[in-house]
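Protein chains: 2
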Amino acid sequence: MNQMEAARKGKATPEMEFVSRTEAVPVEKIVEGVRAGRMVVPSSTLRELKRPCGIGEGLRAKVNANIGTSPDESDLTTELCKLRVAIQAGTDTVMDLSTGGNLREIRKAIVSECDVPLGSVPVYEIAVDSARSGKQIADVTGDEMLAAVELHAGDGIDFVTVHCGVTLSVMEMAKKARRVTDVVSRGGAILLEWMHANKKENPFYSRYDDLLDIARKYDLTLSLGDGMRPGSLADANDTAQFGELLVIGELVRRARSADVQVIVEGPGHVPIHLVEANVALEKTTCDGAPFYVLGPLVTDVAPGYDHIVGAIGGALAAAKGADFLCYVTPSEHLRLPSVEDVRVGVIASRIAGHAADVARGVPGAAEWDRSISEARRALDWKKELSMAIDPERAESLRASSPPRDPELCTMCSDFCAMKKSSPVFRNKS
Amino acid sequence: MNQMEAARKGKATPEMEFVSRTEAVPVEKIVEGVRAGRMVVPSSTLRELKRPCGIGEGLRAKVNANIGTSPDESDLTTELCKLRVAIQAGTDTVMDLSTGGNLREIRKAIVSECDVPLGSVPVYEIAVDSARSGKQIADVTGDEMLAAVELHAGDGIDFVTVHCGVTLSVMEMAKKARRVTDVVSRGGAILLEWMHANKKENPFYSRYDDLLDIARKYDLTLSLGDGMRPGSLADANDTAQFGELLVIGELVRRARSADVQVIVEGPGHVPIHLVEANVALEKTTCDGAPFYVLGPLVTDVAPGYDHIVGAIGGALAAAKGADFLCYVTPSEHLRLPSVEDVRVGVIASRIAGHAADVARGVPGAAEWDRSISEARRALDWKKELSMAIDPERAESLRASSPPRDPELCTMCSDFCAMKKSSPVFRNKS
Numbered sequence: 003m004n005q006m007e008a009a010r011k012g013k014a015t016p017e018m019e020f021v022s023r024t025e026a027v028p029v030e031k032i033v034e035g036v037r038a039g040r041m042v043v044p045s046s047t048l049r050e051l052k053r054p055c056g057i058g059e060g061l062r063a064k065v066n067a068n069i070g071t072s073p074d075e076s077d078l079t080t081e082l083c084k085l086r087v088a089i090q091a092g093t094d095t096v097m098d099l100s101t102g103g104n105l106r107e108i109r110k111a112i113v114s115e116c117d118v119p120l121g122s123v124p125v126y127e128i129a130v131d132s133a134r135s136g137k138q139i140a141d142v143t144g145d146e147m148l149a150a151v152e153l154h155a156g157d158g159i160d161f162v163t164v165h166c167g168v169t170l171s172v173m174e175m176a177k178k179a180r181r182v183t184d185v186v187s188r189g190g191a192i193l194l195e196w197m198h199a200n201k202k203e204n205p206f207y208s209r210y211d212d213l214l215d216i217a218r219k220y221d222l223t224l225s226l227g228d229g230m231r232p233g234s235l236a237d238a239n240d241t242a243q244f245g246e247l248l249v250i251g252e253l254v255r256r257a258r259s260a261d262v263q264v265i266v267e268g269p270g271h272v273p274i275h276l277v278e279a280n281v282a283l284e285k286t287t288c289d290g291a292p293f294y295v296l297g298p299l300v301t302d303v304a305p306g307y308d309h310i311v312g313a314i315g316g317a318l319a320a321a322k323g324a325d326f327l328c329y330v331t332p333s334e335h336l337r338l339p340s341v342e343d344v345r346v347g348v349i350a351s352r353i354a355g356h357a358a359d360v361a362r363g364v365p366g367a368a369e370w371d372r373s374i375s376e377a378r379r380a381l382d383w384k385k386e387l388s389m390a391i392d393p394e395r396a397e398s399l400r401a402s403s404p405p406r407d408p409e410l411c412t413m414c415s416d417f418c419a420m421k422k423s424s425p426v427f428r429n430k431s
Numbered sequence: 003m004n005q006m007e008a009a010r011k012g013k014a015t016p017e018m019e020f021v022s023r024t025e026a027v028p029v030e031k032i033v034e035g036v037r038a039g040r041m042v043v044p045s046s047t048l049r050e051l052k053r054p055c056g057i058g059e060g061l062r063a064k065v066n067a068n069i070g071t072s073p074d075e076s077d078l079t080t081e082l083c084k085l086r087v088a089i090q091a092g093t094d095t096v097m098d099l100s101t102g103g104n105l106r107e108i109r110k111a112i113v114s115e116c117d118v119p120l121g122s123v124p125v126y127e128i129a130v131d132s133a134r135s136g137k138q139i140a141d142v143t144g145d146e147m148l149a150a151v152e153l154h155a156g157d158g159i160d161f162v163t164v165h166c167g168v169t170l171s172v173m174e175m176a177k178k179a180r181r182v183t184d185v186v187s188r189g190g191a192i193l194l195e196w197m198h199a200n201k202k203e204n205p206f207y208s209r210y211d212d213l214l215d216i217a218r219k220y221d222l223t224l225s226l227g228d229g230m231r232p233g234s235l236a237d238a239n240d241t242a243q244f245g246e247l248l249v250i251g252e253l254v255r256r257a258r259s260a261d262v263q264v265i266v267e268g269p270g271h272v273p274i275h276l277v278e279a280n281v282a283l284e285k286t287t288c289d290g291a292p293f294y295v296l297g298p299l300v301t302d303v304a305p306g307y308d309h310i311v312g313a314i315g316g317a318l319a320a321a322k323g324a325d326f327l328c329y330v331t332p333s334e335h336l337r338l339p340s341v342e343d344v345r346v347g348v349i350a351s352r353i354a355g356h357a358a359d360v361a362r363g364v365p366g367a368a369e370w371d372r373s374i375s376e377a378r379r380a381l382d383w384k385k386e387l388s389m390a391i392d393p394e395r396a397e398s399l400r401a402s403s404p405p406r407d408p409e410l411c412t413m414c415s416d417f418c419a420m421k422k423s424s425p426v427f428r429n430k431s
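Listed in order, the protein sequences are those of chains R and B.
With this note's numbering applied, the first sequence has no gaps in its numbers, which climb one by one up to 431 at the end.
With this note's numbering applied, the second sequence has no gaps in its numbers, which climb one by one up to 431 at the end.
Warning: the hint list may mix true and false statements.
Any copy will do: because identical chains look the same in the list, a pair fits if it lies in one copy or spans two.
Under the rule of at most 25 Å between Cα atoms (straight-line distance), these lysine-lysine pairs were calculated in the DSS-like manner [unchecked claim]:
hint, residue 1, residue 2
1, K137, K421
2, K285, K52
3, K421, K178
4, K177, K421
5, K202, K421
6, K421, K384
Everything labelled a hint here was simulated from the structure, so no lab data went into it.
I would like the entire structure built from these sequences, with the hints used as guidance.
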């Protein structure tokens with residue numbers, strides 16, 4: 003039975019029970035969240051996930067790591083290494099965005115190793131195939147697009163990004179918006195190219211019911227892509243983005259009626275003062291559907307540090323209700339990320355998500371901070387470092403600069419404020 | 003003439019004129035800001051700064067980099083290297099927090115090289131001297147404390163942190179607060195130790211008028227230290243911190259009456275949902291005095307990544323009105339920062355400050371984002387990377403993964419959304 007069908011019958015699936023245990027949230031809440039569409043538990047019927055997760059209201063903010071080849075760099079071994087590093091760093095989900103090499107072979111290799119929910123973007127495969135066969139995107143048929151989705155679903159993918167909201171009318175809005183960076187979504191650009199050439203509606207929109215049939219069959223969660231996500235602060239929260247969001251809101255309701263789990267994707271580049279409105283609009287327009295943001299990036303000026311830029315935006319967005327943070331690596335805008343970028347990207351997003359969890363009062367979140375700080379106060383370095391979000395890095399930084407007194411560190415050394423003030427606070431003089 | 007005396011007479015100093023030019027803010031606004039105490043222009047009468055800066059309402063958020071030795075690591079050459087790297091990375095001010103080696107020699111070397119405002123914490127020197135001479139902190143006299151401030155001022159320091167608000171009554175409040183991490187301010191801990199042993203009021207409070215005399219003489223800006231800044235989320239915004247802030251508010255008013263420029267220091271560890279209140283309370287309690295925050299750190303769990311944690315908190319705080327961000331490096335809580343940590347720390351804080359500047363509508367801020375994004379859209383990599391906050395890093399990341407097509411990058415390569423969607427938006431098919 004599919005997750006949503008189970009939820010409608012008031013039944014908890016094994017995946018929901020797993021989520022309930024790991025989040026310390028009663029299973030009835032998970033069942034109700036999935037039923038109402040305010041949570042999803044992405045999980046293909048074709049495989050059993052060792053570590054499923056729930057995404058949505060009242061749950062920990064989740065983190066996704068994008069991996070995958072490009073036409074310029076397509077080494078499967080490297081991508082599998084990124085997969086392992088991302089999982090080891092604590093990502094909740096992974097997406098394979100490969101566009102180079104043998105896509106199906108890569109996907110199958112990743113599916114077989116990935117024990118967390120795995121997503122993909124089937125339209126990339128269409129674009130790669132047509133480029134390789136010398137065809138224009140315009141010549142791809144709607145059937146072929148749907149077949150690509152079913153191919154991915156059949157390979158065991160748990161969730162797919164589908165840019166169903168990029169309609170002809172949204173395209174016209176985008177043209178009138180006179181954006182600085184036009185369109186920065188690859189999937190969005192592919193569908194725009196198709197519509198522009200064919201003067202026809204986006205097949206993922208016009209044949210949305212067929213898409214829902216595929217999704218229901220495999221319990222494939224649909225992640226409604228934001229083809230119009232702003233690629234610069236100047237384009238944030240504009241008519242193109244919100245126009246697409248209104249379409250997506252309607253598609254969310256249709257998915258729910260068809261017992262298909264659905265997530266909504268969001269920006270992108272958004273200045274701090276517009277983040278809250280962006281999240282609020284998604285939540286109202288899409289009836290509380292889980293919101294999956296890429297960043298948001300709160301400035302355009304920091305290529306090389308976009309993991310930090312994304313952590314600022316992600317923390318703020320999640321504190322205001324975003325549920326799912328797509329990581330951004332230091333290499334964003336510059337190159338395909340390295341293995342080390344993947345690790346840093348996951349940690350930066352986890353920091354953002356956790357800081358937001360504390361702000362939202364998610365069960366257990368503030369307790370982690372309290373415990374590590376109690377260990378810090380006790381000068382119990384071993385315990386403190388073992389509780390860090392990345393124990394290995396914390397330990398190695400400390401080890402690189404060994405203090406004379408093993409109770410202290412080389413920053414404050416003899417002038418450690420906590421140690422010095424002990425007589426005042428702890429009656430040990 | 004001292005900055006505030008000039009401002010009271012409606013006159014602009016050369017430093018104010020410099021600030022007006024670099025911020026594109028009319029000089030009358032700077033004069034009025036300094037007069038009202040809502041801005042400071044830290045600048046010792048003993049030296050001419052090549053790059054002074056204004057800190058406060060309506061100006062760009064500023065960044066400070068802490069450098070300096072510790073008892074465990076005290077190499078002057080390394081600290082001078084940190085100074086150069088911090089300035090090259092774009093810090094607005096520097097603080098020398100040395101507690102190891104020959105403090106005066108180090109300070110003088112830094113003063114002579116530092117062309118931006120330089121701060122220090124004179125009470126550290128008192129603690130170091132008394133430790134070296136085998137004395138107890140308790141045996142230091144109030145005269146000696148004031149003499150240390152005058153020594154620093156006489157060496158050309160532009161601003162000093164003085165923990166004047168750590169009074170006996172604040173100490174009692176702190177004891178009752180039953181904090182997780184007691185006190186994490188080194189200066190605060192030194193004064194608590196002194197008061198606890200002597201059962202007497204903090205000399206920086208009881209002899210505040212004498213301190214103001216020294217400050218006025220050298221035009222030394224006072225940065226009123228937050229000895230009670232929370233060292234863990236659990237201690238944020240508690241009675242100890244706000245109790246001290248109320249004392250500081252009174253001291254701000256006394257400093258202004260004495261024509262002394264004054265900044266207020268703030269936390270520390272504060273969860274996202276309490277940051278705005280923290281900033282608002284400083285602004286009301288201290289009549290709009292510039293607010294200088296250390297972070298804030300929005301989680302305790304990420305030693306090794308506290309530059310990211312601090313960037314999240316700093317961006318949020320500055321967007322809500324904080325004026326001055328003390329950087330946090332990846333080594334915070336673990337070791338004395340390395341030269342590379344200094345660079346990364348400055349950039350992370352500058353990202354936070356700039357993202358907040360955009361949110362607050364600071365003149366020129368959003369234009370930077372627009373310009374770099376226009377270059378990005380034009381696929382003009384040379385121009386784009388040269389405009390990045392750290393051009394060298396952006397260029398080196400791109401160079402490490404050279405794309406086949408020099409117009410693109412190895413992330414999206416042939417599937418570059420901006421290039422692919424050109425026919426739709428730019429009528430080039």
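Each hint, compared with the structure:
no., hint, result
1, K137 with K421, "between (70 Å within a copy, 18 Å between copies)"
2, K285 with K52, "neither (30 Å within a copy, 51 Å between copies)"
3, K421 with K178, "between (63 Å within a copy, 18 Å between copies)"
4, K177 with K421, "between (62 Å within a copy, 15 Å between copies)"
5, K202 with K421, "between (71 Å within a copy, 21 Å between copies)"
6, K421 with K384, "within (17 Å within a copy, 51 Å between copies)"
Violation of the numbered hints given earlier is confined to hint 2; every other hint is satisfied by the structure.
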